[in-house]
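Chemist: Sequence:
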Amino acid sequence: MSAIQFKIEKRAPGCRARAGTLTTPHGVIQTPAFVPVGTKANVKGILPDALGKLGAQVVLANTYHLYLQPGEKIVQDAGGLGKFMGWEGPTMTDSGGFQVFSLGAAFGKTISKFTKEDLEVSPPSEKPVIYDEDVASQHGQLAVIDDEGVTFTSHLDGSLHRFTPERSVEIQHALGADIFFAFDECTSPTEPYEYQKEAMDRTHRWAKRSLDYHRRLEYEEKKQARTLLLASASGHAQSAMRDVVSGQAIFGIVQGGRHEDLRKESAREIASLGFDGIGIGGSFSKEDMRSALAAAVGELPEELPRHFLGIGEPGDILEGIANGMDLFDCVAATRIGRHGSIYTRHGIAHLKGEKYRTDFTLLSDVGLTKSHMGVEFTLAYMAHLVRSGEMLGSVICSMHNVGFILNLVAGAREAILNGRFDDYRADFIRDYYI
RNA sequence: GCAUCGGUGGCGGAGUGGUCAAUCGCAACAGACUGUAAAUCUGUCGGGCAUAGCCCUACGAAGGUUCGAAUCCUUCCCGGUGCA
Numbered sequence: 001m002s003a004i005q006f007k008i009e010k011r012a013p014g015c016r017a018r019a020g021t022l023t024t025p026h027g028v029i030q031t032p033a034f035v036p037v038g039t040k041a042n043v044k045g046i047l048p049d050a051l052g053k054l055g056a057q058v059v060l061a062n063t064y065h066l067y068l069q070p071g072e073k074i075v076q077d078a079g080g081l082g083k084f085m086g087w088e089g090p091t092m093t094d095s096g097g098f099q100v101f102s103l104g105a106a107f108g109k110t111i112s113k114f115t116k117e118d119l120e121v122s123p124p125s126e127k128p129v130i131y132d133e134d135v136a137s138q139h140g141q142l143a144v145i146d147d148e149g150v151t152f153t154s155h156l157d158g159s160l161h162r163f164t165p166e167r168s169v170e171i172q173h174a175l176g177a178d179i180f181f182a183f184d185e186c187t188s189p190t191e192p193y194e195y196q197k198e199a200m201d202r203t204h205r206w207a208k209r210s211l212d213y214h215r216r217l218e219y220e221e222k223k224q225a226r227t228l229l230l231a232s233a234s235g236h237a238q239s240a241m242r243d244v245v246s247g248q249a250i251f252g253i254v255q256g257g258r259h260e261d262l263r264k265e266s267a268r269e270i271a272s273l274g275f276d277g278i279g280i281g282g283s284f285s286k287e288d289m290r291s292a293l294a295a296a297v298g299e300l301p302e303e304l305p306r307h308f309l310g311i312g313e314p315g316d317i318l319e320g321i322a323n324g325m326d327l328f329d330c331v332a333a334t335r336i337g338r339h340g341s342i343y344t345r346h347g348i349a350h351l352k353g354e355k356y357r358t359d360f361t362l363l364s365d366v367g368l369t370k371s372h373m374g375v376e377f378t379l380a381y382m383a384h385l386v387r388s389g390e391m392l393g394s395v396i397c398s399m400h401n402v403g404f405i406l407n408l409v410a411g412a413r414e415a416i417l418n419g420r421f422d423d424y425r426a427d428f429i430r431d432y433y434i
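First residue of the first sequence: 1, per the numbering used here; consecutive thereafter.
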């Protein structure tokens, strides 16, 4: 019995897009849905109440970051991630798998979730298997992978830490999100085919271990909860126990790099294991995303919810929706907002630009709906805040951007339900990418 | 008035005979950012052009010393400080 229930309400003709509802212990998520990222138990710059008003239904936090700070025990003692951060709706946690990549292969390099330049694939090489005191510094990275797990050097204080699939699941149980992800290895697109295959196989083994350990913990937690309930615990404890009884859902992650055959294989394998949902991960160069996604989705069962990890930009989200993805998370909305850029119907506007100093267009007029915030601001005012380094500039831009993406996805859902998703997507793309 | 220290690119501030169109910071201008190592990072930043190079004008002003001066000397102008 899964902790979540997914129901498809309507499919778009001519593509894989679908609208559905995902019921979690903390509420219903109408899909497709954008999941704002709150890595360290906060969506940077946005209060939970405001986030809800912008239309957010669910937030995603990060295992690696919360494990390091403040430590999962504190979050658990607070009553779980949602209670800790003051968010009443559904929550998710990422497994720390992405940090294997960003602190490992991608550390100190220009590669990230996306890479624009033509990538030079590295020749096959011996991977360090055993962690050595100096390996991390030798390789200029903070994470070193072996078959059992990953050894991290904390980016905060340099201390040494070890994640295995079991440990990641254990931490994520303590964090208590409604949905969490299996521990995976996100590879660099510069790795050769042989390594992509090797990493994918490892991710599959880790997926199995994550799922097994989740089942085991789930069993023990429920048994313990029943015992405590029977012993008539306090009201607070009972409420906490109800969360435990309602349980958590776990999503497995498809990898396979840019290679369609590996993506298909990975999708089939992950789908066969019995996860509550599927995540599609990876680091891409732009042109590979589409083919890798299509290849993977073609192998996935219809009835499981699908989450496109770390996506994305407006165009990529619509691409994902058209390819049958249901959930999206991305840091871009808050990050570019914090850095002074905003989404508009006609693309991204860099408010630091000289031309915005005297542009008295209303912020709400460049968005997708009239206003996300209930107060009108001009671009000139925003440009001033951004230019003068005021934190409110970052806050308002972040709110605007998260609101923009939430509106975009909500609009896509409406369009699917009304049978005009293709037009909706085409209209948006035409205006956005001039 | 005397003494003393100082006047460098939009600002602050290095440099004290050649490798100086001049370190660096700020501002400005442009760009990047897709499961957050990020309120961060990158590039440009005297003028001109055929822009991995070349030319011109420049370190308060004017002279001078020197093969060569932002750097040394003289005078003047301006500012800080001290003494009258």
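Calculated from the structure, these hints are not laboratory results.
Positions of the beta carbon are idealized from the N, C-alpha and C atoms, including for glycine.
Some clues are possibly wrong.
No more than 25 Å apart at the CA atoms, straight line, and that leaves these computed lysine to any residue pairs for SDA-like [unchecked claim]: (1) 370 - 427; (2) 370 - 347; (3) 370 - 323; (4) 7 - 218; (5) 109 - 141; (6) 53 - 299; (7) 44 - 364; (8) 83 - 5; (9) 73 - 221; (10) 352 - 301; (11) 53 - 42; (12) 197 - 264; (13) 40 - 89; (14) 73 - 53; (15) 10 - 395; (16) 208 - 347; (17) 83 - 8; (18) 53 - 365; (19) 352 - 373; (20) 116 - 353; (21) 40 - 111; (22) 109 - 10; (23) 53 - 348; (24) 352 - 365; (25) 53 - 1; (26) 83 - 102; (27) 197 - 112.
Have a look at the derived ranges for each label pair, beta carbon to beta carbon [unchecked claim]: (28) 431 - 261: 35 to 43 Å; (29) 427 - 77: 31 to 39 Å; (30) 9 - 231: 39 to 47 Å; (31) 160 - 353: 24 to 32 Å; (32) 228 - 427: 19 to 27 Å; (33) 414 - 274: 47 to 55 Å.
Chemist: Confirm or reject each hint.
Modeler: Hints, one by one, checked against the model:
no.: 1; hint: 370 - 427; in the structure: 18 Å, holds
no.: 2; hint: 370 - 347; in the structure: 17 Å, holds
no.: 3; hint: 370 - 323; in the structure: 29 Å, violated
no.: 4; hint: 7 - 218; in the structure: 24 Å, holds
no.: 5; hint: 109 - 141; in the structure: 10 Å, holds
no.: 6; hint: 53 - 299; in the structure: 37 Å, violated
no.: 7; hint: 44 - 364; in the structure: 21 Å, holds
no.: 8; hint: 83 - 5; in the structure: 22 Å, holds
no.: 9; hint: 73 - 221; in the structure: 15 Å, holds
no.: 10; hint: 352 - 301; in the structure: 46 Å, violated
no.: 11; hint: 53 - 42; in the structure: 16 Å, holds
no.: 12; hint: 197 - 264; in the structure: 12 Å, holds
no.: 13; hint: 40 - 89; in the structure: 17 Å, holds
no.: 14; hint: 73 - 53; in the structure: 30 Å, violated
no.: 15; hint: 10 - 395; in the structure: 36 Å, violated
no.: 16; hint: 208 - 347; in the structure: 42 Å, violated
no.: 17; hint: 83 - 8; in the structure: 29 Å, violated
no.: 18; hint: 53 - 365; in the structure: 18 Å, holds
no.: 19; hint: 352 - 373; in the structure: 21 Å, holds
no.: 20; hint: 116 - 353; in the structure: 23 Å, holds
no.: 21; hint: 40 - 111; in the structure: 23 Å, holds
no.: 22; hint: 109 - 10; in the structure: 42 Å, violated
no.: 23; hint: 53 - 348; in the structure: 23 Å, holds
no.: 24; hint: 352 - 365; in the structure: 19 Å, holds
no.: 25; hint: 53 - 1; in the structure: 32 Å, violated
no.: 26; hint: 83 - 102; in the structure: 28 Å, violated
no.: 27; hint: 197 - 112; in the structure: 20 Å, holds
no.: 28; hint: 431 - 261: 35 to 43 Å; in the structure: 37 Å, holds
no.: 29; hint: 427 - 77: 31 to 39 Å; in the structure: 49 Å, violated
no.: 30; hint: 9 - 231: 39 to 47 Å; in the structure: 42 Å, holds
no.: 31; hint: 160 - 353: 24 to 32 Å; in the structure: 44 Å, violated
no.: 32; hint: 228 - 427: 19 to 27 Å; in the structure: 54 Å, violated
no.: 33; hint: 414 - 274: 47 to 55 Å; in the structure: 33 Å, violated
Violation of the numbered hints given earlier is confined to hints 3, 6, 10, 14, 15, 16, 17, 22, 25, 26, 29, 31, 32, 33; the remaining hints are satisfied by the structure.
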